Amino acid sequence: MSYAFKDFHWANDIRVNEYLLPKTTAEALEMLAEYKGQAQVVSGGTDVIPKLRKRELEVEALVDISRLPGMSDIKQKGDKIILGGLVTHARTVASLLIREKAGVLAEGAARVGSPQIRNMGTVAGNLASGHPAADTSMPLLALNASVTIASTEGERVVDLPQFFQGGNQTAADSRREIITQISFSALGKNQGCCYLRLSKRRALTIAILVLATVVDVDPDEKTIRDAAIAIGPVAPMPFRARDAEEILKGAPVSKEIVERAGDAAYKESTPESSVVWGSDEYKKEMVKVFVRRGLYKALKRAGCPVA
Amino acid sequence: MSTKTHDHKQIKTLTKDKPDLQGLIKTSQMSPSVVGKSIVRTDALSKVTGKLAFGADYSQEGFLHGKILRSPYPHAVIKSIDIEKAKNLSGVAAVLTAEDVPGRNGFGAIIPDQPVICGDKVRFVGDGVALVAAETEKIANQALELIKVEYDLLPPVFDPIEALKEDAPKVHEKGNLLSYNKLRKGDAEKGFAQADVIIERTYKVPFLDHAYLEPDICMAIPQVDGTMLVEGPMQAPFTVRRNINAVLGVPINRVQARQISMGGGFGGKEDSPIDLGCRAAVLAHHTRRPVRIALEREEVTLQTCKRHPMTMKIKIGAKKDGSLVAFEGVIYDEQGAYASLGPVIPPAGGSHIHAMIMMSGPYEIPNVKIDAYLCFTNNPYGGAMRGFGAPQVHVAHEQIIDELAEALGTTPFDIRRRNGLREGSATATGQVLDQSVGLHDTLESCAKAFDWEKKYQDTGYVNEEKTKRRGVGIGMGWYRTSIGTNNDACGANVYVHEDGTVLLSTGITEMGQGSFTVLPQICAEELGVRVEDVRVARPDTDAVPESGPTVGSRSTTLMGNAIILAARQVKKSILEMAAEMLMVPLTRLESRDRRIYDRDNPDTVLEFREAAARCMANGKRLIGQGWWAPPAPSLDPETGQGNPYFVYTYSTHMAEVNVDMETGEVEVTDYVAAFDVGKAINPKALEGQIEGGVAMGLGYALTEEVAIENGYIQNLSLRDYLIPTSLDVPDIKPIILEVENKFGPYGAKGIGEMPNLPATPAILNAIANACGGRVRDLPADPEKVYWAIKEAEIPLD
Ligand SMILES: Cc1cc2nc3c(=O)[nH]c(=O)nc-3n(C[C@H](O)[C@H](O)[C@H](O)COP(=O)(O)OP(=O)(O)OC[C@H]3O[C@@H](n4cnc5c(N)ncnc54)[C@H](O)[C@@H]3O)c2cc1C
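Residue numbers (my numbering), protein chains in the order written: chain B, 1 to 307; chain C, 1001 to 1797.
If we strip away everything but chain C, and leave its shape as in the complex, we get (with noise of 0.2 Å):
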């Protein structure tokens, strides 16, 4: 490991770096009329009324039901396997072994490293070492317990650190250090030399589940073509696809990936859908008949991926005026027994890339140092989730900057007022931050609207009993827009029919999160036809333009771009031809509303439609195809050091909480969440976004873990993983701050993920100033709370 540090560069600046990308910001000289409403979201009535179908209620007549063998142990090697008696059950169509996987034996989002079917050895408990297909489920799982496996146990790991020894049992042939990556910027050591307080701690967070509502699903059926249709919910179509050609050994043009609606996602259905859509898929090929892979909740929490368990230490150091001087980290990022989607994507995607570049949190400090290593164990495998990488280190850089704060005796706002990153600064990577910084307004505005000023004063006992204690606290967050890889591009197809209505076809997935109505929104904008004009059809890799996944809070910014230049060109065509049906010079002409008229007589005016006929009857153009990649990401290897995501948004959130000194109970009180978001797009919608993920980034501070004991989960129901209930989630106020992003569509940014990760520490922050004692080990239950209040010893008032 080089310990040699790196003079910080000056980086280019985004803007000036591509001049091309401007523009797509105003698109009108008028305000807009549809981009910026609440209107209902498209799917709100089938939901709320039962009416939309999701997999599990789509008819299963002439399906095979597809089932796993699960390996039984955590590391083991597969001495034998005797298929014979499952075989010959009656209703058996397939029992399948590793032998049997026609094309490459391996599926990943990254790596292809998890066997469809286990052959040699399994790394997990839950591993697929066979698959029946039969024509119910019940005479399939009889099948399972006809199945007989030998096993030869080998020593597992469990612990990411341990895992780095080097006697330590190989989970991969490799080793079990899957990357690792540093940051290097300034001097570090020559940093803490300036300094006058420094201080160390350690802070852990466990796996956690997405606690999707929908089991996943997923439906192999082969077409007379010899094509393989699956359908499913999934956030990556064309990963799925990606995968079953190759696991099919089939080209990519002979797999169909259809997404259906999908009840939950949060990153998990970036994975799960390959793991049972290639499962399915190689079911389907041996049978020739539909085969439909359904897990059960339990089946759900043993088999598909978690957010990573990170272990963080870090050193940091301040002048006493303040002022942040130097910071060192370690982040020990837990994989699991599979790549999935951890490892580096050059040059800045991979779970433990994500964390080491905001590991030093929404701060500009002049000298970092980090260390990130992605290791392999023996425990369930680890995934992307809602910020995928981030909210670890928030837990982090939220808490150290308070235990700073009062080291330096100062407090949790001024400390973060004096280094929050502003337009001009420069990041831990030295990427200096050129526009839509609003940082520093989410802090002043969520203060005021939560009174924190008179709120922090007003601590101490609540009631006459003096068992209870109030307390306040802050978490400041920062989160990117797009994946920090060489592959983020968004496509968009956007067709205009002659009664001027429109479908829109994207590949970006619809799992909740409002993409649905965001997207036509800007399509109706763009075009100036009303937002229930346009219809967005499913993404199905046939259909769109490889889009990529829905992650990484892209979908708005990076689709609405693609749609804006689909959108564009179709309306060149309608426009040109309505400049000659109104006889006005094209440049004259507006389209809003579904008319088209002259700007500078809007008496002379034109149905949409009717333009949209002409051009139909005369063979112009009315299909637009835009595909948008963000400015091209970078970060040196070496140091750490580049532009490793084009925009980020900015989040303050403040927590009140009353804490039971005596129980270690925590109740959250009261609750504000403030946001630069560039451009709401729809507010309404936006607002539910944050409600969302502050409950998401609630249950991560007080409840969530998945709880494994030498590799088996605890807690696989929804019984002992516990979520947060509606009365656990206090009333929050929301407040959306508008900085615009000069390469987003009307100026907007993601904003998807970015509001679970202040939540978690600014609950956690609330809890210590509540009781004196810090949960450092998440979740912060009442047991951990009532040990730290023990442990903190220190006398109240």
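Isolated chain B, as found in the complex (with noise of 0.2 Å):
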């Protein structure tokens, strides 16, 4: 509540004594395990510099990853879809083929900041923000997507739910290594998304909540094969409300189906109260209202609408 000597006492200046340009991965892992752990990564910086200027992030280095080759595309092979560790907000949201096959995650992109921030900031960098209401991670999560992360030790390969561990923590330590590409599978027939997003204004701030739906349908059975629910911020990292899916899964399409899944993630949200963003009451009176629009919605565009 009170303050700390640094958040009343603006320095205005930025203490970085390197300011590195790799021009390969390789190079820049290696640069990254130079410095052990006092550098760090920066992409389209629009997290990283407002953090630094701030003082809650201090290092030596930063190794400016934005110009490395061959990160910054988007292509399907087979029923995957893999976006490069540099891909933008903005070239998200132009893809044909992410508004296609996965429309939930260029509705949540559109809405990132404002046009300045979605062309330079990236995916990756809203991921590795850790952010619990990061405007890509909901829809990421919700498609089931997984990371992969190189350092000088190899790579390896991360699922969304374990990447994310609360805190603005996260599974890619970005002071050694670097999410090269996220992948997820397209979504196709019988299968429909939403994404929902409420917010004080319209534009150029943090969501008071975020969700994203995906869901797969029996179109003949009318049934609910299986969904995905993500919400933030309603716990400390992006979150995934299973007692709502458990609900859906295999359940006919009904009001009354969809109205308990909204109560089911009514309670297993814990959302925090602030006096800038709103009481915890209201957030998951929201998530409620949310849980229901997003799923109608993605029910809709699944072709097996509720009647």
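If you are wondering where the hints come from, they were derived from the structure by calculation, not from laboratory data.
Model, not experiment: these values are computed from the prediction.
For glycine and all other residues, C-beta sits at the position ideal for the given N, C-alpha and C.
Treat each hint with caution, since some may be false.
Across the chosen pairs, the derived CB separations fall in these ranges [to be verified]:
{"id": "1", "chain 1": "B", "residue 1": "GLY166", "chain 2": "C", "residue 2": "GLU1145", "range": "29 to 37 Å"}
{"id": "2", "chain 1": "C", "residue 1": "GLU1793", "chain 2": "B", "residue 2": "SER279", "range": "42 to 50 Å"}
{"id": "3", "chain 1": "B", "residue 1": "ARG99", "chain 2": "C", "residue 2": "THR1136", "range": "20 to 28 Å"}
{"id": "4", "chain 1": "C", "residue 1": "LEU1153", "chain 2": "B", "residue 2": "GLN116", "range": "41 to 49 Å"}
{"id": "5", "chain 1": "B", "residue 1": "GLU221", "chain 2": "C", "residue 2": "THR1669", "range": "36 to 44 Å"}
{"id": "6", "chain 1": "B", "residue 1": "LYS255", "chain 2": "C", "residue 2": "THR1669", "range": "28 to 36 Å"}
{"id": "7", "chain 1": "C", "residue 1": "ASP1057", "chain 2": "B", "residue 2": "SER2", "range": "32 to 40 Å"}
{"id": "8", "chain 1": "B", "residue 1": "GLY167", "chain 2": "C", "residue 2": "ASP1057", "range": "50 to 58 Å"}
{"id": "9", "chain 1": "C", "residue 1": "SER1038", "chain 2": "B", "residue 2": "LYS255", "range": "16 to 24 Å"}
{"id": "10", "chain 1": "B", "residue 1": "LYS36", "chain 2": "C", "residue 2": "GLY1249", "range": "54 to 62 Å"}
According to the in silico footprint, chain C covers these stretches of chain B (three or more CB under 8 Å from chain C) [claimed, not checked]:
{"id": "11", "region": "199 to 206"}
{"id": "12", "region": "234 to 240"}
{"id": "13", "region": "276 to 282"}
Two chains, each in its own frame: build the complex with the hints.
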């Protein structure tokens, strides 16, 4: 509630000694290794620079990966969509592939900040920020995406639920590692998705609530095969409403089941109150409303609307 | 507190009062050639190309960097302060504490109650307890961290009503009641006895930040002759000078305040340059070196003034036919830690006084009783912000009028049409409005353009899912031109050169409102030259007459008149010369578009510059100085009756909103704003003021609030303090009406502040109309609207 000294005595200087521009991913990883945790990856810089300014982040060097080759493409391999580690929000929104096969991600990326922020900011950076309300984290979480993380020790693949560790921490240590790609299955027939956002103003603001839903239906039986509901910020990290999802799995498409899912999500979410961003009580009420709306819309898009 | 009521005295009308002030409107028999034209703003190109240098762009070479050590507590006694370590840090030029202030250790726009450096106690989080100047900002900051201060905590008070209680902690020795004023018109008690319907409501508005784009900056540069030059963006260079001279303990002529380009002010840069100026000057005085203090955004939020929060209690009564009979109001106006611009400036200046005078709205009500309290607390302090004292009460009177209309079973439109001020009406202060009252014109033309009748019928759900409802609302408003004090004069120098070009020097500053375009238009019109022939000099207290602050929507009208008076002196001289040169009687000469000619024989003509050059050669006057003050304001301290302001601008806004009934989100979908401005000197620039003002009023309604918890602001940066973006602001349709002001240049009256006043309640009323719930405690953000809907629980179709 009160301030730390630095919060009301502004230094107006970003204290880094080196700004490094590697030519390849391997070189970037070596630079990071050399600094032994005292250097930080910077990509679009839209999170890093404000943090340095506020001295929430203090490092000796920045390793700028934004010009590394081969990580700026969006590709489809089989039924997998692969997003390079440097793909920006603007590129994501503009991609026909994403809009058709992962609409929920395009919708989320479109709501990040402003045109300037979307041109600079990257999807990988958004994930790596670990922010519980990050606009592309919820869609990717609902799409069951996984990230590929590289270091001098090699590569590993982490699924999103395990990627988020709370308190803005993630499985990718941005002082040693680089997210090289993000992949997930393309949405197809009988699948539908929806992204919703609640905020105090229409642009350039952190969301009070972000929701992403993906449903998989059996149109003949009019049942829900599978459902994913990702919500933020209602927990210390991007959150999957598992209880609500369980209620939906295998259930017939109905108003009643959607209401029940909303109630379950209401119960399992644990948002915090803040004088600026609102009460926990309100946010919980909104979880209920959003889950309902998100499901109605996703079911409609999957070709199986609630009658 | 006296409860006796006073008879309504007829107050002398203004025009008759001051016949010598007439005649400024019509200055030529011909229609104006420059005034009334939408010429491109003189600063537009340099601003859009980014070429204009603001304070932060100035070279820092040779400057020391000044920093302020701030109090971490809202209320505490300073026990000890140890600056040794900080002083010994290499690169530090000065570390100053209270005893180092050479003159008066206090500054303030009205009362110098804010210490330049606190010596005994601190009164809000952010109060300055030490000053540092160092070779770099980094070193200055390190020095701050090395200063050790010991505090004894005092109990704080954060609520103005709490602050008035006997046992409340005292923020200042004299107690927490800074000012109390009252207004008594007719007999409120008798008035309520005649009423068929009486309702009572309480409305609350929070601290608001100006959120001007440019963070504050000030440069103090000691001159070789001992003068202290202070440069920075400032709305009131003369008030800055007046404070610095006292703080340094030198006479007025030893301080020079010079205005540099300003990136927005909205009233905030009336106070903050005093604060920064005094502190930078004290550091420069000690080090004998130029010192700059540049604030970061968070520091601006912490340190500078805000719009006053108010709690407003109202009781209002009307007869069945809708006519208003009585109004009773109480205002608790929170001043915060220091007096700043809050307190009474006789007869009718000050935050709570402005609020009191305008509280019952632009309506004729025979019986009015208002009590206004201005209280100290340990929160940040209140100052002027676009409409000083008026935006708050507009939120109250415009909402209660709607609530009353509902209780009466009439409509928001009809109740306003019945009770709105007209020519001949008496205001709450008993002022009889004898000229330039276009309120009803704005109501009618706004309704027409908005299609009110149809839209008012056509509310209800707008989508298939029945989650969104449409509603419409009216906000009516009025606002003074001038500040209501006895110091309201403006002075201008007009200097014509031998080539016919003109240097116009005034004390009015440009902060984005367009004065440097409109003032030269008036000057060019009066002289008969083109607007591009007139250059405006930067306001500099060494070079221009004292003109008061650039506030109170006074610049165009008051300074416009001063310019006309100055220009006339020169014009007379030039025309006399031209009469000699053309051998035409003076009375037949006309000066227009750089030419002087015989009205009866237009071929007898002379270039304006030729006459000017001859004046120069012959030593005939080419410099004029005009000074103009509006008719003297009056306000009886016992009754609050009088003529506080000499003319008012009137306005009606209509807004359409969609409200999401499940989330409380509000979208403003349509907007019309009509104004009676007397005369639009530059219609395009005026529209700019209207659009910006409406956007600001929208922020007040929907998102803006300085969120303070126990004295600590929780939203210091613009990430968390939310002003509207371009996506939040609807298309605004401005309507400009001209009901001539007899005292204004070409008939003009003020417009700078007016546009944001009716905007806030228009939107709030539209929300209530849409969803049935009403937010009486701003802002109406989604959560507040959501709970208001829940609370209302009215069955909707
Ligand atoms: C004005 C403004 C508005 C914003 N609005 C929104 C908004 O509406 N919604 C939203 O979600 N976010 C918003 N943000 C936050 C930010 O823009 C996003 O999180 C963005 O996606 C971050 O991407 P970046 O490339 O700029 O990351 P950077 O700032 O470069 O990095 C962010 C973090 O991720 C790490 N990192 C980046 N890339 C990689 C990588 N490939 N591998 C490993 N680590 C990496 C960095 O080390 C750092 O810790 C906003 C920011 C600003 C300044």
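### Query
Going through the earlier hints one by one, which of them does the structure break, listed in rising order?
Those not satisfied are hints 2, 3, 8, 9, 12.
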